[in-house]
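All residue numbers for the sequence shown refer to the UniProt record's numbering, where the first residue is 1 and numbers rise by one.
Calculated from the structure, these hints are not laboratory results.
Cβ atoms here follow ideal geometry from the backbone N, Cα and C, with glycine treated the same way.
Keep in mind that a hint or two might mislead.
BS3-like, lysine-lysine: derived pairs with alpha carbons at most 27 angstroms apart [claimed, not checked]:
(1) K434 <-> K738
(2) K336 <-> K352
(3) K128 <-> K524
(4) K709 <-> K738
Simulated restraints, written as ranges between beta carbons of each label pair [what the hints assert, rightly or not]:
(5) D797 <-> P963: 27 to 37 angstroms
(6) E480 <-> K714: 38 to 48 angstroms
(7) A1067 <-> K709: 32 to 42 angstroms
(8) T498 <-> E1036: 12 to 22 angstroms
(9) G1010 <-> R116: 23 to 33 angstroms
(10) T1017 <-> S851: 19 to 29 angstroms
(11) K709 <-> R769: 53 to 63 angstroms
(12) V267 <-> G668: 30 to 40 angstroms
(13) E634 <-> G609: 18 to 28 angstroms
(14) H1059 <-> K714: 17 to 27 angstroms
(15) K311 <-> K695: 49 to 59 angstroms
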Amino acid sequence: MNKAEDDFLLSLLNAMDASQPARHTQPPPTPAIASTSAPTQATQCTMNKEITQLLDGAEDWSWDDDLDEEMLTHNDTVEIKPILEGKNASERPVRHPVSPHTRCVVHSVELPTAARREKVLLVAFGEKSKDLHQVILQADWAYTDISPGDVINVIGNFVPAAQDLEYKSTITITVQQHFIVLHPDLLVTATAIANASYCQRRPHISTLLSTASKPTPVLIWGTILHEIMQACLQTGKWDDTFIHEATDRLLRANMDSLVQLDVNVDVAKAEIGKRAQGLREFSRRYIGTGVNQKPRANAILSDSHAPKGQKALLAICGLHATEEDIWSPRYGIKGKLDASLRVVLEESEHGKDANRMVMDMPFEIKTGTSKSSMEHRAQTMLYTVLMEERYGTQVPAGLLYYTQSEELIRVSAARNELRALIQSRNNMVAYMHKRTALAAKSGGEPLPFLPPTEDDERTCRRCYVVDGCMLYRKAVENVEDTTSEIAEIYRDRTGHLTPPQCAFFKDWEALISLEEQEMIKFRKELWTMGAEQREKTGRCLANMELVGPSSAHLADERAKQQQQSIQMQSGSKVYPWTYTFRRRRTPQSSSGLDPKDSASLINGHISRGDAITVSVEPDLLAYSRGYVLALEPEQITVGVERELDLAKLISRNHDVEEFGLRTKVDSGIVFRLDRDEVSAGISRIRNNLAQLFFKDGDKRRLESVVDLKPPRFKELETDKTVVNAAALNASQRLAMKKVLAAEDYAILLGMPGTGKTTTIAEIIKELVRRGKSVLLTSYTHSAVDTILMKLLDVDFDVLRLGNSDRVHPAVHKMTLAARPRPTSVGELERQLLSPQVVATTCLSIDHTLFSRRRFDVCIVDEASQITLPTCLGPLRFADKFVLVGDHFQLPPLVKSVQARKGGLDVSLFRRLSEAHPEAVVELQEQYRMNEDVMKVSNALIYENRLKCGNEEVAKRSLTIDLPRAMEQTHQHGKVTCTGTSCWIRDLVDANRHVVFVDTDSVPAKESKVGDLVQNTTEAAILQQTVKALLHGGVQESQIGVISLYRQQVKLLSHMLDDHRGVEILTADRSQGRDKDCIIISMVRSNDSNN
């Protein structure tokens, strides 16, 4: 054991014995129950069927192939009872009052001195209070890195101070009592805290770069074994036949992993079979049986830290949830529990009568041998804190199970260990917080936000984040090192980088982080603001109730279509539970709501497709997470990952109220729905950038993108002609020639309506004809599929990667799901590796295929709307690339004002086209707009470079039956005309191709909904205009409505709900759409004339 391990053990694990104080200042009564008093449950059920993968990844797996014990024949089907709180106290675990915590803002810090070895803080309760209170940090708490202005949670009771002091109350944080949590709004995963035992820097780098170990046989076998155990728990079947069937089924489902390993099914089945032998023994020992749920005699809990002579037996008698995601703003941690169990525990000492206890415990599964690593124990300890806060019960220990062992380990969570873990977490967030803080004395430069390296040659060389760690050390921290133990590693990994390259990484990495902070800055409002208060900001729906039955599993066909059609940011994850909510009805509330009413659900930032969290008032934070499927003024429909079982929630509420943990509310369950600021994908984007700079990274792309090395073009062979050149116009043929001649990259500037989709399709056909492989990507699924619809009848194979629900039906035949199910690894390899064209989005490059394939050419459509780091992702899998876009239209969407000012909205397309205009070909002949509409674009943007493709396009006009339109509009619509003139007639006159409508004299002033802007009068004018066009014979599919403001889009979507064929979009989502008539709602009209 090395010194780091010794230190960690001394600080974290030296107190695990009965003599240590419990974590609670005032321990609750011991939940001792006579062994003859058994809990009764009304019903039995199998494991909850919403079980998802029990372990997301795995770490530190080790395997022992010596498990060869034969299984004995017995009844291998076992049922586990559901958890519904009963009226008899003996049926429930002991509940205890939650330790009080106070959110404080630090006013001043008095550092320790030789005479007084403690740190003294003066704090205010909350951000607005002016009264001061004293916090004294003793012993190792005094080393906490706290500064004025920091937010802390103080867990414990303040006591009144003397009247003549400047502070009102005081508390002392000691080794024996109370905790302090630094920057509690930064929720750190329990896994990251546990893994910081040897190196605090490693979890930071891993989080920043989304870096994981490369797939290995051990990791793949472990993942599949978890799914097998999941299937056993779900069905209650543990016999050999079922396990073999589950193994076969899961190997077929995970065959892409076998392709990565280049391993056949028979080998995989044999390896997994050896590792699954312990599952039946686990069920024999620990799954409770019978009404009394009495532990079996051999259901022994292993606990090396238990008092001598103590024996503990355990039976699992119920399941709260699996893969339960719990956030704790009190402690500043979060985690996903493999399972949350209810157990019966019987303890006896020296042969005395056993005490019987019912309690809740987290269950952590590790697919390896029983080595009980420090990281695993620490992770399980932290889960006890999370589960205790979620369920309000005493959780003195957790369960740690290694699948290749027959023992179940109890991990006790005494105060000393939790103190060490919370202090470790505080050290981590002290660095994380510096990411956003500016040091005045350093000229505004960000403070160091990473812990120093450990400088252990053996550990660092084997570390899976060593490339990223050394890159940050060189480019961001600017470390000079020629003498340390890791100096050789440092030089080897970063010696190739030049100062300009390091500066480029530092600048762009900082811009990515600014965007990340913008995306998550509102998340703390979920726990720092009440629902009604946050609703005023537009980011919450308060006082909501379920509509209809308590459980609404996704079975309705319309709901399925909603799930499939929505463009979720969730990747391939399925949210199987669909629910509709409405405002909670009270005797005083009205039966209906008006869109203009402040209670209308369409007012605010929440829109269809947004990520949301569902919380149960007042104390179940983020109980489930999902996405908005539909939004109307009176109700909202969401898809979520977890069932909202009202019976369980009501039972829990009553039980908590009975114990007096909070104020009693009526039996109705009240929900709040919050917009979740999702930052998923940021670490992957940051990793795209880092890959350029690694020692074994993409050197050619580094030179092109960072150093701006001029692109090379070769002379084309005269004997090779473009087969379908006659179908292209002059600028399209020039684009084709530029791509074929490029050795590094080419850039196609596709002005609006110039046929860039057709051009890309023809380029792909020609490249394939010349024997080249092509990777086609874009930021959106719709852009990828628009091009593929031009390739439906080609004679070569095209593979479309991605979730089938996200793929356009017309190109579904190109997906893996539409191909014959492979029966062997070889068949799947052929399906993945043989197609000459592969198409996917820029963020889907983590597919198995990319571990085995490289392409000749990568084509990126909409490249001018993609941030540079995002665009880099697919480029590293090809020898040369083609960027297609138009940087005179919309830039990449960047939320952070600071990041935009710094240049994050400068796409790779724009960077390269401005640096090397010789690489750019403009597509100038357009086929979308008539000449009057085109004049607007030419005058404002393109300096008359845009041309109509032919005379028919130039003279194109909308066909409208104007007399009928006016008759129907005046007969059925509320249109006010003065004298002989009719404003709506002027608007829909087909001879007027471009119309600007001035609404000042109406007037049509904007209004605010929270901090959002809408214009209801303008929306009414637009509604009348659309109806007049429809009365005149224009089809709904011919009309598109655009607004720059999401709130206006929601308002218009409601007002035109009867005409769902009319597309209503924000400006960015309208890109590339062709409509015969476009109506733009500008919204802004105010006294400031802006």
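Quick rundown of the hints versus the structure:
1. K434 <-> K738: 47 angstroms, violated
2. K336 <-> K352: 38 angstroms, violated
3. K128 <-> K524: The given pair, whose Cα atoms are some 17 angstroms apart, holds under the 27 angstroms limit.
4. K709 <-> K738: Since the Cα atoms of K709 and K738 sit roughly 18 angstroms apart, the hinted pair holds (cutoff 27 angstroms).
5. D797 <-> P963: 27 to 37 angstroms: 55 angstroms, violated
6. E480 <-> K714: 38 to 48 angstroms: 43 angstroms, holds
7. A1067 <-> K709: 32 to 42 angstroms: 35 angstroms, holds
8. T498 <-> E1036: 12 to 22 angstroms: About 57 angstroms separates the Cβ atoms of T498 and E1036, which means 12 to 22 angstroms is violated.
9. G1010 <-> R116: 23 to 33 angstroms: 49 angstroms, violated
10. T1017 <-> S851: 19 to 29 angstroms: 57 angstroms, violated
11. K709 <-> R769: 53 to 63 angstroms: Violated, at about 30 angstroms.
12. V267 <-> G668: 30 to 40 angstroms: Check failed, 56 angstroms falls outside 30 to 40 angstroms.
13. E634 <-> G609: 18 to 28 angstroms: Hint holds: Cβ distance 19 angstroms, inside 18 to 28 angstroms.
14. H1059 <-> K714: 17 to 27 angstroms: This hint is violated: roughly 54 angstroms between Cβ atoms.
15. K311 <-> K695: 49 to 59 angstroms: At 55 angstroms between Cβs, range holds.
When held up to the earlier numbered hints, the structure conflicts with 1, 2, 5, 8, 9, 10, 11, 12 and 14 and fits the remainder.
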